[in-house]
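Can you make the complete structure from the sequences, with help from the hints?
Below are the chains, spelled out letter by letter.
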Amino acid sequence: MSTVKQLQQQIQTALDKKSPLFIQGGGSKAFYGNPVDTNNRLITTDYNGIVDYQPSELFVTVKAGTTLIELEQVLAEKQQQLTFEAPIFKKETTIGGVVSAGLSGPRSAYAGSIRDSVLGVKIINGHGEIVSFGGQVMKNVAGYDMSRLMAGSLGTLGLILEVSLKVLPKPEVEMTLMLPCPHEEAIENFNELRQSGLPISASCYIDSEIFVRIAGQKDHLNALIRRHRWKTYDQGDRFWESIRNHTHLFFNHGNMPLWRLSVSPASAINGRLNTDTMIEWGGGVRWVNSNTPANIIVTSAQKKGGHAILFRGAIPGVRTFPTPDPEVLKIHQNLKYKLDPKGIFNPGRIY
Amino acid sequence: MFDDDSDEQRKLKRNAELLFHLRGLLSDTELLTEIEDLRPYECDGLSAYKKLPIAVVIPTTVEQIQQIVNICSRMFIPIVARGAGTGLSGGALPHEMGIILSLARLNKILDVDPLNQTATVQPGVRNISISEAAKPYGLFYAPDPSSQIACSIGGNVAENAGGVHCLKYGLTVHNILQVTLVNADGELLTVGSLALDNIGYDLLALITGSEGMLGIIVEIVVKLKQKPPAINVILAAFNKTEDAANAVSKIIGAGIIPAGLEMMDALAIQAAEDFAQAGYPRDAQAILLCELDGSEERLEFESQQLCDLLNQCGASSIREASSSEEQAKLWAGRKAAFPAVGRLAPDYYCMDGTIPRHQIAHVLNKIGELSDYFDLKVANVFHAGDGNLHPLILYDANQEGEFLKAEQFGEKILQLCVDAGGTITGEHGVGSEKIDSMCYQFSDAEISQFHAIKEAFDPNLILNPEKTIPTLHRCAELGQMHVHDGQLPHPEIPRF
Ligand SMILES: Cc1cc2nc3c(=O)[nH]c(=O)nc-3n(C[C@H](O)[C@H](O)[C@H](O)COP(=O)(O)OP(=O)(O)OC[C@H]3O[C@@H](n4cnc5c(N)ncnc54)[C@H](O)[C@@H]3O)c2cc1C
Chain A
17 MSTVKQLQQQ IQTALDKKSP LFIQGGGSKA FYGNPVDTNN RLITTDYNGI
67 VDYQPSELFV TVKAGTTLIE LEQVLAEKQQ QLTFEAPIFK KETTIGGVVS
117 AGLSGPRSAY AGSIRDSVLG VKIINGHGEI VSFGGQVMKN VAGYDMSRLM
167 AGSLGTLGLI LEVSLKVLPK PEVEMTLMLP CPHEEAIENF NELRQSGLPI
217 SASCYIDSEI FVRIAGQKDH LNALIRRHRW KTYDQGDRFW ESIRNHTHLF
267 FNHGNMPLWR LSVSPASAIN GRLNTDTMIE WGGGVRWVNS NTPANIIVTS
317 AQKKGGHAIL FRGAIPGVRT FPTPDPEVLK IHQNLKYKLD PKGIFNPGRI
367 Y
Chain B
7 MFDDDSDEQR KLKRNAELLF HLRGLLSDTE LLTEIEDLRP YECDGLSAYK
57 KLPIAVVIPT TVEQIQQIVN ICSRMFIPIV ARGAGTGLSG GALPHEMGII
107 LSLARLNKIL DVDPLNQTAT VQPGVRNISI SEAAKPYGLF YAPDPSSQIA
157 CSIGGNVAEN AGGVHCLKYG LTVHNILQVT LVNADGELLT VGSLALDNIG
207 YDLLALITGS EGMLGIIVEI VVKLKQKPPA INVILAAFNK TEDAANAVSK
257 IIGAGIIPAG LEMMDALAIQ AAEDFAQAGY PRDAQAILLC ELDGSEERLE
307 FESQQLCDLL NQCGASSIRE ASSSEEQAKL WAGRKAAFPA VGRLAPDYYC
357 MDGTIPRHQI AHVLNKIGEL SDYFDLKVAN VFHAGDGNLH PLILYDANQE
407 GEFLKAEQFG EKILQLCVDA GGTITGEHGV GSEKIDSMCY QFSDAEISQF
457 HAIKEAFDPN LILNPEKTIP TLHRCAELGQ MHVHDGQLPH PEIPRF
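Which chain is which? The protein sequence lines are A and B, in order. Going letter by letter, the first sequence gives residues 17 to 367 in our numbering. Going letter by letter, the second sequence gives residues 7 to 502 in our numbering.
It cannot be assumed that every hint is accurate.
Result set (DSBU-like, lysine-lysine): computed pairs, CA atoms no more than 30 Å apart in a straight line [claimed, not checked]:
| hint | chain 1 | residue 1 | chain 2 | residue 2 |
| --- | --- | --- | --- | --- |
| 1 | A | K234 | B | K174 |
| 2 | B | K229 | B | K141 |
| 3 | A | K319 | B | K231 |
| 4 | B | K141 | B | K57 |
| 5 | B | K418 | A | K186 |
| 6 | A | K33 | A | K234 |
| 7 | B | K256 | A | K234 |
| 8 | A | K346 | B | K229 |
| 9 | B | K233 | B | K174 |
| 10 | B | K56 | B | K19 |
| 11 | B | K231 | A | K234 |
| 12 | B | K56 | B | K335 |
| 13 | B | K256 | A | K186 |
| 14 | B | K114 | B | K229 |
| 15 | B | K57 | B | K372 |
| 16 | A | K94 | B | K256 |
| 17 | B | K372 | B | K174 |
| 18 | A | K234 | B | K233 |
| 19 | B | K141 | A | K319 |
| 20 | A | K247 | B | K372 |
Selected chain B positions facing chain A (in silico; Cβ < 10 Å) [claimed, not checked]:
| hint | residue |
| --- | --- |
| 21 | G144 |
| 22 | F146 |
| 23 | L220 |
| 24 | E303 |
| 25 | G391 |
| 26 | P465 |
Honestly, the hints are just simulated from the structure, not real lab data. Just so it is clear, CB atoms sit at the ideal spot from N, CA and C, and this is done for glycine as well.
In structure tokens form, the structure reads like this:
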């Protein structure tokens, strides 16, 4: 069992020697981001457990090394859940890693992403000090939003010790609809769904089919389904789990690089990329297995108001995250330097 | 004496040089320098703090803003951005050595995109105008501060404004996609994107609530939401404030997330009733105003569940609005509550702490005790569902020392909120007003971390300087005074 003291000591030693650390939770997202050039690992898994959970306050505070599986179980016992359905690539996936990577799953497009859910953090900062920001209440604007800044920072700004997250009641039931849809009409159909007012909690296009998960009370959902004569899919839970955790066949073609494009949801599908595509988040996220040159994919996503990530697979000379505009990059460098002046936390992991 | 003079002369020279450059850039209507023209800008919604700037600039284009920032950056002139000036924490209070940059003329809605459910707007657009423009598409912009007919979306982003519907729909930070800024060098910086997530640091979150200290917001892409098919508004009255407070936790605990859940105490109820005739029961000690939305079927089920809960919690009466007119009337009382309370005394001072919901009863009690101690009345009207309190302290600024007393009372309330596990500000921001309370909520290491953020964006500290984040020196001084006599703040010590 590691204690805060031990973690702090390891960081202090790194500071003294100016020797960078690679922070690791369950190691399930080691592939995500640039490799960190060090053998000096800081492992969080021993620092785990629920610190505070008050269902009627709609928050939970957990230590970084707690596994997502355990956390979700604790919440489920009180009929509550996190809103973002982050991927569990390995059962060891920790909440610290989830928040640091900032990768949200199917539900997040409808109920809120990881950064939307972060209420507060306790971290060890670049000076080895323990500092807390945000808190356990939903509304808090005292000082800059340091807690959301930690979400998606891939461990480059400090060590998350604890995080407080918003939780919500679990819906009584969820059902999955299956709507046939030619590839060319996927975006149009997503647009219609967005305007339908349906209680959607996840959506996915794959293989000429749109899967839509709806959430609510049983009677109400059944009535909806009857009224619209929709076809339901009885393997819904398994299907969404396979999308969430990338165990679906689509993610395991193996031989081509997997790209994740995050774009303006209603933007058209790029004809040159559409051979092997899966679409999530009502059109906002498009996964592509493709050998198309990286610059074409990256530019295509940028033109649609977003970005592309080389998610799996290596391409020589291509980094996971494309370089942002110079002004944005400059702010990243300034922040990194100001918050981690000795450069000990996961240097180079993002840019 | 001689030194003072040369200081004064240097200042005059500097101001003259600044105005010379600004005149080259702006027309007469875009640059105000006469005292009587500056007066309207001497304060924001917190009128107890007043200062005059050197000049007020009201540019028409983003390019002008870039050039203004450029000039000021070269000359180290403080720039205080100003939206509609409805802020309640002195965030837009002028700097006496600097200029006010008003965004009022950047007031266009550039685009409404019904397919992506977004709108692209300039910062000076009024909050309510966005929902009006989105209405034909069945969409609306969710964060709705009570000041929504006046406040600007740029100001909303700068404060991370909330509203009566943020329990369900989130704060400003949850409802925007992209912000374009003019940074401290006068360069354009775009943070966030049109996509639903981003890579790298969450700069959008940092900018939201940054109170004009990290950049000048010149364009915003907001998310729009689908109008709910049906709405239900329920008013519950209670003979005991405690019962109303406990009902709040019970409702959320039961898995109901209302679109809005507001609470008012006896003084606020009476004031609102006199002012707006909303039909609130005058003899109640507290009321809860609860809005549910969703599909018809869902509403019916949830409303029943809610009414049962309210009864269990000891509601003395429950009323469901039967028409949209009646709904509007019930809300009218709440929305007019601030001005209504404003009629009870010459002045009022609005606080903004947030606490965990289960602490509402306890903290309201304590506020009552403090009210007796300071001999100043308080009305409470607030976002109960979020635990976001708005105690309105009534006082008379014309009475010697009363504002100081109100401030001391306010500071005690904020400390109470921090001690209860909450925060000194839920939505109004720190500004000039709560800068001392920051020392109470944060350690030196935490405050240093905030300064580090500021320096990463604005190394020369020209954007809204000396607000929001206290210097460590200031906190140390405060700490010592606490030890000495427990009386704060001393009038002879400058606040900022
Ligand atoms: C009656 C009343 C009710 C209110 N109710 C609520 C409520 O329910 N919820 C809530 O959250 N607030 C409420 N407020 C507070 C206030 O309306 C909000 O804080 C609002 O967001 C301020 O907007 P503004 O345009 O008036 O900003 P201003 O007061 O002009 O400025 C506020 C801050 O933002 C900065 N700023 C403004 N524009 C920009 C820009 N373009 N770029 C960078 N910085 C900028 C300023 O420098 C300042 O620090 C209320 C105020 C009143 C008077």
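Now the hints, each set against the structure:
no.: 1; hint: K234/A / K174/B; verdict: 22 Å, holds
no.: 2; hint: K229/B / K141/B; verdict: 13 Å, holds
no.: 3; hint: K319/A / K231/B; verdict: 24 Å, holds
no.: 4; hint: K141/B / K57/B; verdict: 40 Å, violated
no.: 5; hint: K418/B / K186/A; verdict: 38 Å, violated
no.: 6; hint: K33/A / K234/A; verdict: 60 Å, violated
no.: 7; hint: K256/B / K234/A; verdict: 23 Å, holds
no.: 8; hint: K346/A / K229/B; verdict: 27 Å, holds
no.: 9; hint: K233/B / K174/B; verdict: 13 Å, holds
no.: 10; hint: K56/B / K19/B; verdict: 24 Å, holds
no.: 11; hint: K231/B / K234/A; verdict: 25 Å, holds
no.: 12; hint: K56/B / K335/B; verdict: 36 Å, violated
no.: 13; hint: K256/B / K186/A; verdict: 17 Å, holds
no.: 14; hint: K114/B / K229/B; verdict: 17 Å, holds
no.: 15; hint: K57/B / K372/B; verdict: 34 Å, violated
no.: 16; hint: K94/A / K256/B; verdict: 14 Å, holds
no.: 17; hint: K372/B / K174/B; verdict: 29 Å, holds
no.: 18; hint: K234/A / K233/B; verdict: 23 Å, holds
no.: 19; hint: K141/B / K319/A; verdict: 28 Å, holds
no.: 20; hint: K247/A / K372/B; verdict: 57 Å, violated
no.: 21; hint: G144; verdict: 8 Å, holds
no.: 22; hint: F146; verdict: 13 Å, violated
no.: 23; hint: L220; verdict: 8 Å, holds
no.: 24; hint: E303; verdict: 5 Å, holds
no.: 25; hint: G391; verdict: 9 Å, holds
no.: 26; hint: P465; verdict: 8 Å, holds
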